[in-house]
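K.L.:
Each chain, written out:
2 protein chains.
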Amino acid sequence: MVRLEIVFLGTSSSVPTVKRGLTSIAVVRGGELLLFDAGEGMQRSMILSRIGFNKETKVFVTHMHSDHVVGLLGLLQTMSMNQREKQVHVYGPKGIRGFLEACVRYLKFGLTFPLYVNTVKTGLVIDEKEYVVRAALAEHSATTYAYLLEERTRPGVFHPDKAAELGVPKGELWAKLQRGKSVKVGDKVVKPRQVLGPARMGRRIGISGDTRPVPRLVRFFRGADIVVFDSTYSDQHAEKAAENMHSTAREAATIAKAAGARLLILTHFSARYEETDRLVSEASSVHPNVVAASDLMRIEVPYPKQ
Amino acid sequence: MVRLEIVFLGTSSSVPTVKRGLTSIAVVRGGELLLFDAGEGMQRSMILSRIGFNKETKVFVTHMHSDHVVGLLGLLQTMSMNQREKQVHVYGPKGIRGFLEACVRYLKFGLTFPLYVNTVKTGLVIDEKEYVVRAALAEHSATTYAYLLEERTRPGVFHPDKAAELGVPKGELWAKLQRGKSVKVGDKVVKPRQVLGPARMGRRIGISGDTRPVPRLVRFFRGADIVVFDSTYSDQHAEKAAENMHSTAREAATIAKAAGARLLILTHFSARYEETDRLVSEASSVHPNVVAASDLMRIEVPYPKQ
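Taken in order, these protein sequences are the chains called R and D. Residues in the first sequence are numbered from 463 upward in steps of one, following our numbering. Residues in the second sequence are numbered from 463 upward in steps of one, following our numbering.
Since the hints were derived computationally from the structure, they do not count as laboratory data. Wrong hints could be hidden among the right ones.
[What the hints assert, rightly or not] Calculated pairs, BS3-like style, for lysine-lysine (alpha carbon to alpha carbon, straight line, at most 30 Å): (1) R:K517 to D:K481; (2) D:K632 to D:K643; (3) D:K570 to R:K570.
Can you make the complete structure from the sequences, with help from the hints?
P.N.:
What follows is the structure in structure tokens.
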């Protein structure tokens, strides 16, 4: 069991407001930090939400608009002021490397840790022991990637009573069964499914970036537990959503519903909406489980029910 | 009479804290905005302090460390989102132009206004009708400029009764006298000093940037009404001040006192100090009139007494 939590570090579109900072979403998974976008001021939200600057960190940038990346500069600077030594990986569209290289050169961060900057393509972005992150092209006025964090399926719960009953001695053979391998006891073979419950699904979190509600995101987010989706506008400004290549809350709900997402989180709100009740209500007419993100909001992500 | 106000948009050194954003000082003079440094998050403080994004704007950068310039990116982006048309001038050390050009290229701000970026040298930086801004080299780990905003001396108050008494007819000749020019009435010459009170001194605000307390800043700030000075450390960390090329609050007071500044404002506090009482107390043992800046603090600057 690994604790998985989403913390919203900024939920405003394009410009900050009194209540909302620029877009950044932290996914804290065990001792690791996965950041999706890094709008200006996100380091201050990290301080306020006590996430800390020394976790293993990977940053995924959806697109190279300033309101989604400028916060990276302060983050890298603060990590260096803190004498961080652990490497940081940044993933993003073409331009991310040139941008960071130029800033490191002009602003003399004095980086105290290795910084690896990687250009993203669609498909598998990282392939870790317990999870992967995938990217798909979203549809915006700049090259934008939606991301999907997908935990690997874990073997089922081990039942020691069943193993004992089948005569498997405690120790190495139990561990082998728990890892999904058959073992031999005398001349009898014991298979994992005899001592394990059903395989346990991992959790999936989809993050749309700035995007129109295109059908390929339905495929990409299929089966996600949570989808966090561009909800810049309300129905009354639907034509602006089309014009500026964003989505309405209702459009976000249409994608999340079609993808079968359990929970839809609306974010990236236009500064014109002081309150988001109307957006939640519009999305709720399509999807049964909708919440609006707000700055510093935390959501713990449970394992899916078997 | 032009209203002159200092608004502190961020008062933390190097890294933000729960209570303090990164360094930026707004000087609002009439309808014009002079910004000194632009730390990350300063645009949000501008929103909170209702300064507005459409004033005539000049930005003076003291040095090219990220905690003093990154906020410029969000500022320029937000001004563009607001469809600003008025030009913006940025003044700063070598590197400011390359940095902004690289960011405009990579982040595609879509600037809606002319942006003029100027490299500063010591001496006169801008020469406006009602004021000048001068720069002097401060002493820090990067090329850093201290700035001095200096309003021009205005002619004394015009006494219409005296002009009438001397037989000067109301109208163009009064205006000429008010501008400090002699006029001829019949075969008699009337001099400005016969109808004007004493010349009225303008106001002077000195801003140190990050610096050691070097004697040349005493000369530079001589006669300033207000000096805003690097006060990163308390006495107990004086060796850190020397090591990191900053000043203690006491050192700031020593410079301000020697320069004859009426008021010293401490700012740019190390994140280790949650409260600044001790720094104020240390500075107050040297200078009679000390306040500590805090985020969103406003100080109106009165004209000096004649």
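K.L.:
Which numbered hints does this structure break?
P.N.:
none
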